[in-house]
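All chains should be built: construct the whole structure from the sequences, respecting the hints.
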Amino acid sequence: MGIEFASYPFVATRFAAVVPPLTDGVDAKRRPVVVVGGGPVGMVTALGLANHGVPVVLIEADDTVCFGSRAICISRRSLEIIERLGAIEGFKRIGLPWTGGRSFYRDVEVLKFSMPQDENQKHAPMVNLAQYHIEQILLNQVETRSDLIEVRWQTKVTAIEQDELGARLSLSTPDGTYQLDADWIVAADGGRSFIRESMGLALTGTSYEGRYVIVDILLESARPAERLAYFDPACNRGSTVLVHKQPDNVWRIDYQLQDGEDPDEAVKPENVMPRVESLLAMMGETSPWKPIWITIYKANALTLEKYRHGRVLFAGDAAHLVPIFGVRGANSGIDDADNLAWKLAYVIKGLAADELLDSYSSERVAAAHENLSYGTKSTEFMAPPSFAFDLMRRAVLSLAVKHESVRSLINPRQTSAIAYTTSPHNAARAQTAAFGAGPAPGAVLQECPLTIVTDSTAVLGHITDLVSREFVLFVFSEFGVVQDDFELLLESLESAGVPLQIVAISRNPVTSGKPRAAFDHTSRLFPMYGAESGTGYLVRPDGHVMARWKNVRPDEVAEAIFQALDPRSTQ
Amino acid sequence: MPELQPAELDAVYTSLCKTMTRVGEPASPLFLARFALLAMERIGDAAVIEALIAAAAEDVHA
Chain A
4 MGIEFASYPF VATRFAAVVP PLTDGVDAKR RPVVVVGGGP VGMVTALGLA NHGVPVVLIE
64 ADDTVCFGSR AICISRRSLE IIERLGAIEG FKRIGLPWTG GRSFYRDVEV LKFSMPQDEN
124 QKHAPMVNLA QYHIEQILLN QVETRSDLIE VRWQTKVTAI EQDELGARLS LSTPDGTYQL
184 DADWIVAADG GRSFIRESMG LALTGTSYEG RYVIVDILLE SARPAERLAY FDPACNRGST
244 VLVHKQPDNV WRIDYQLQDG EDPDEAVKPE NVMPRVESLL AMMGETSPWK PIWITIYKAN
304 ALTLEKYRHG RVLFAGDAAH LVPIFGVRGA NSGIDDADNL AWKLAYVIKG LAADELLDSY
364 SSERVAAAHE NLSYGTKSTE FMAPPSFAFD LMRRAVLSLA VKHESVRSLI NPRQTSAIAY
424 TTSPHNAARA QTAAFGAGPA PGAVLQECPL TIVTDSTAVL GHITDLVSRE FVLFVFSEFG
484 VVQDDFELLL ESLESAGVPL QIVAISRNPV TSGKPRAAFD HTSRLFPMYG AESGTGYLVR
544 PDGHVMARWK NVRPDEVAEA IFQALDPRST Q
Chain B
350 MPELQPAELD AVYTSLCKTM TRVGEPASPL FLARFALLAM ERIGDAAVIE ALIAAAAEDV
410 HA
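Quick note, the sequences are listed as chains A and B, same order.
For reference, each letter of the first sequence is one residue, going 4 to 574 in this note's numbering.
For reference, each letter of the second sequence is one residue, going 350 to 411 in this note's numbering.
No lab work stands behind these hints: they were computed from the structure.
Treat the numbers as computed from the prediction; the structure is a model and nothing was measured.
Take the hints with a grain of salt, since some may be wrong.
The calculated DSS-like cross-link candidates involving lysine-lysine, where the alpha carbons are at most 30 Å apart (straight line), are [unchecked claim]:
#1 A:LYS248 / A:LYS271
#2 A:LYS95 / A:LYS115
#3 A:LYS125 / A:LYS553
#4 A:LYS293 / A:LYS271
#5 A:LYS115 / B:LYS367
#6 A:LYS352 / A:LYS159
#7 A:LYS115 / A:LYS301
#8 B:LYS367 / A:LYS309
#9 A:LYS159 / A:LYS301
#10 A:LYS301 / B:LYS367
#11 A:LYS115 / A:LYS125
#12 B:LYS367 / A:LYS32
Structure (structure tokens):
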């Protein structure tokens, strides 16, 4: 008897290939930047560049957004980034927010974890939605930026050549081949990156042998969204099973294959169906269900050593492969794109020297190593790489029932925002020691509600709403007054073409802000940031703190910014 | 006695797993026995050790 599959409850639009006007087989127009790869990372990069007014050509090999079982968890940090790109609405409308999860050993709950969530937060710690949703929402936003972003579907890169000033891509489409010249190339072409391979670059790190079967199913259930992990469950003894809810009655089930199981046999529907059936019975899910998609997964913890190679910048899976446990794949790629977009835009617009792109590499390689170290720990627990990890896991799980002290070892180490603690842009290091609270240089802003006053209009918002395309300086004071010498700083920076915004943060209500002020109406922001009257925080366009001072001085702010934009000017 | 922070527990747990992997499966019971003996000596409190032995044995065949 045949097994009936359901389709994903999603219909993708298909797009035709387009060949631009050519001169001798080459696109008649040279571009400042071409992004290769129309996945989440490529689209976030393109949207980020467009936000800075930079025109982008986005190359995608396929004729539609992706399908199949791919990323499903989007973190709070990613939502902050997506909001700055104007695409948050779809994520809030479709995504299922969740805050924690439970782990079971056999039939006993051994861990209940929650991700940081309190009244200060703007976004849920995590939302679940399918990657086709993620890509469709981003694509809708890309289409509203058609003034700056041109998407070329069904276009494959077949060769890349670069020199000191740029690169030439050879492209193939069903309607013919051509070449395209650009000053910069962003390679966001995924885990099997053609660009990475054709440049002879290799990912290094660890590949794990343990395999998981990944199954998406269609099932009606009122069960809430959370991360469920079952270790050695009655339905699948000796295995580990993960369950995640997605929108539209789609459920993601991952289960571990045991030693000696043949992966080719394991993914056959007739072998998958009974395992899913017995899992659902154990969970008490009785509605009829159908499989949608079955695939097999093997964890990798790999990265390039550098993400900048001359005029080519690698991002997302093209640059690093992180294990799925901890949901750091798509989220780390979105963070790459956010770090890269403002730096590349500043370089293209002549606001910064191209050395700024070296810190894209050093900051994001360091972030990848941090993600890989967490991802490796999670993988060693979820897919034990040797008898010893397996034996110790049995010890942890069996003791966890009665001994709370070992439960932290079961925690899935979910993705969280990474601090660039060793960034070359972190400034005024001596001053940061005076703070007892607040984000240190390199860290992202800690979320807090604020009343934001623009001219004479006040709206309730959050501190992350104040992140801008420009550097932002928060100046804390009792009454929202910024000293005159800061006005002079702004004027002198403006005449040098350096983008800076000052926001006065006031302990007391303010009625007008030029251009912007904010009132700490909860009285939580000042203590959270260790701020007093005169304190300053300098924030980058990607929301990372660059420097902070108990008593901020205009010349020190200017120095920190010039150092980042053109290290040669201050050395 | 000083308490292990979760990150420290995580690190020493991984170190134990890696060392046991290197020692190999046949020698692992002896390795764990030697570790237990050294830990007993360092704990230095017979009553605590007796309680830990009982806790480790509980449900071990479950």
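Each hint tested on the structure:
no. : hint                : result
1   : A:LYS248 / A:LYS271 : 23 Å, holds
2   : A:LYS95 / A:LYS115  : 25 Å, holds
3   : A:LYS125 / A:LYS553 : 27 Å, holds
4   : A:LYS293 / A:LYS271 : 14 Å, holds
5   : A:LYS115 / B:LYS367 : 27 Å, holds
6   : A:LYS352 / A:LYS159 : 28 Å, holds
7   : A:LYS115 / A:LYS301 : 26 Å, holds
8   : B:LYS367 / A:LYS309 : 28 Å, holds
9   : A:LYS159 / A:LYS301 : 27 Å, holds
10  : A:LYS301 / B:LYS367 : 20 Å, holds
11  : A:LYS115 / A:LYS125 : 23 Å, holds
12  : B:LYS367 / A:LYS32  : 56 Å, violated
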